[in-house]
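There are 2 protein chains.
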Amino acid sequence: MKVVVIGGGTGTYAVLSGLKKFPDVELTAIVTMMDSGGSSGRLRDEFGHLPPGDVRKCLVALSNEDLILRRLFNFRFEENCSLNGHSFGNLFLTALTEITGDTAKAIEEASKILAIKGRVLPVTLTNTTLCAKLTDGSVIRGETNIDVRKEKTEAMIDSVYLDPQALVFPLVVTALKEADLIVIGPGDLYSSIIPNLLVKGVPEAVKVSKAKKVYVVNLMTKHGESDGFGASDFIKEVLKYLGPGTKIDAAIVNKGKVAPEQMQDYEKEKAFPVKYDFLECQKLVGRVIWCPLAFSGKLYRHDPEKLARTILGI
Amino acid sequence: MKVVVIGGGTGTYAVLSGLKKFPDVELTAIVTMMDSGGSSGRLRDEFGHLPPGDVRKCLVALSNEDLILRRLFNFRFEENCSLNGHSFGNLFLTALTEITGDTAKAIEEASKILAIKGRVLPVTLTNTTLCAKLTDGSVIRGETNIDVRKEKTEAMIDSVYLDPQALVFPLVVTALKEADLIVIGPGDLYSSIIPNLLVKGVPEAVKVSKAKKVYVVNLMTKHGESDGFGASDFIKEVLKYLGPGTKIDAAIVNKGKVAPEQMQDYEKEKAFPVKYDFLECQKLVGRVIWCPLAFSGKLYRHDPEKLARTILGI
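Chains A and B are the protein sequences, given in the same order.
Here my numbering is used: position 78 in the first sequence is 78, and no number is missing along the way.
Here my numbering is used: position 28 in the second sequence is 28, and no number is missing along the way.
Derived from the structure by calculation, the hints contain no laboratory data.
The model shown is predicted, which means the values in this text are computed figures rather than measured ones.
Heads up, none of these hints are tricks.
Because identical chains cannot be distinguished in the list, a pair is counted as satisfied if it fits within a single copy or across any two copies.
Below are the DSS-like pairs computed for lysine-lysine, each with C-alpha atoms no more than 30 Å apart in a straight line: (1) Lys112 <-> Lys21; (2) Lys117 <-> Lys105; (3) Lys247 <-> Lys212; (4) Lys212 <-> Lys200; (5) Lys298 <-> Lys117; (6) Lys255 <-> Lys212; (7) Lys240 <-> Lys133; (8) Lys247 <-> Lys177; (9) Lys247 <-> Lys21; (10) Lys236 <-> Lys222.
Chain A with its partners taken away, still in its complex shape (with noise of 0.2 Å):
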């Protein structure tokens, strides 16, 4: 079966991890490139490739896991030293890129030497930047700051778009019309899922494919993105970036409670537990599947396998 996830971050590599355990799953990952922030944007400024970090990220989600190499994407070095805490999978695909001299055979070979399970394609090469209109009217350019808000204000974000337009990589339309299931989410809604929509063709791709495309949900609202939404709030907000005619045929959302002890972390940066609003999303989309897929570790977060379960059993 060909899966094809969209995203980017720490959600997308939880839906990974969990489904390359699958022998008959066929997986590409569609990978947002308008990171701004971290060793990730400095890199961006600095050498003015497009950004590594998402795509790292889902290159070690789909690596063998007793590889070293696997372990070395995932180290970074300290802030304090010349290396200025840098993430060595970022100089990894760094470097790669000033030899190949190009963002997808870069890609293409860090995939080969970390010998993954599927495909790991960027959404698009354009070397665009993220912005968000708010409420009241003011802009915000760049991910990272969109991410974590420098300027205080309380108002919310109305509509996400790029500058300049970015075109879509050619390969994603192809993976995404030869789908048998396209999964969005979970992520950051408009850091990390929202942009892959707003690249020109990706909407349009995801349309005519005959895929089943299902929307996985957050588990918890983040403040000055999704303040006080409930599970059909996402919805509708991917929605409304794939456009008219659009359907999705299912929603997974959790079931479950926050422990007190995982919540403290979170009360802090003003995130709390998605509110499943049964009735309002049942209008959304063709099915809602509502069960439990958290992990329970320190942090309240995707459990890998009962999230690609959920998703393969659709």
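The hints should help you fit chain B onto chain A, whose structure is shown.
Leaving out everything else, chain B in the frame of chain A:
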């Protein structure tokens, strides 16, 4: 045939590149770990690891030439960016050392990843500083300060030593004892070749080894290290540090003329072709092989293939 090469730097790169082409040669490179300049030196200072530079060069020399990882290992980031002119291969070895917590293990893992033909062994795991006593009585500390002298003095090197005393890496002893052929040099006399012989246990193992011992004399003198040296002066110094009772079975000396256009850069650096003082050499070693070994490029360097054929012809 088991061949052990002792060195570090460009000369050793040439020997290893040449010898690895011969299928019946089982290669071990014993590498100096006293580098203190450039990317390697900065990583050494910041991480407290042993300097990776010389190991990196040997790994590249022995790696599969079609491998993109080989090109990555040779890649160097620019000076004017947050990567501060670091060699990617050095970063690779540094990250591997951080992950494994062990220099020898890191070299072993890198050897596997690069699919090298042969082995690279650090001469010592002691974190030590190369020091030079000059003929004017002054002392220079640090390999890079000896290699590229900062102070303008016409004093020659009287002797070199390690501070603190370094202990041989045990596998080096085994390799030397089991060798059929031990190749010393070519390379910077006091900063690449002799540092290996300063490690406690190395001269002792060379002495008891039944291997044929070959010394490859440099093509050019080096200002501040070997001004005015004839071939016999190089041999004398190596014999001095090998210690009493150890014989060199053969010395290999280049026969040839440096073209005027090649000499221009060397003259600026006060480097001149090493004179072949036949009679003096004959007194010091079992046999002297005098034949054309140089590569006809922009720089006057040992040709890996000619050198390997000459070495194996012994």
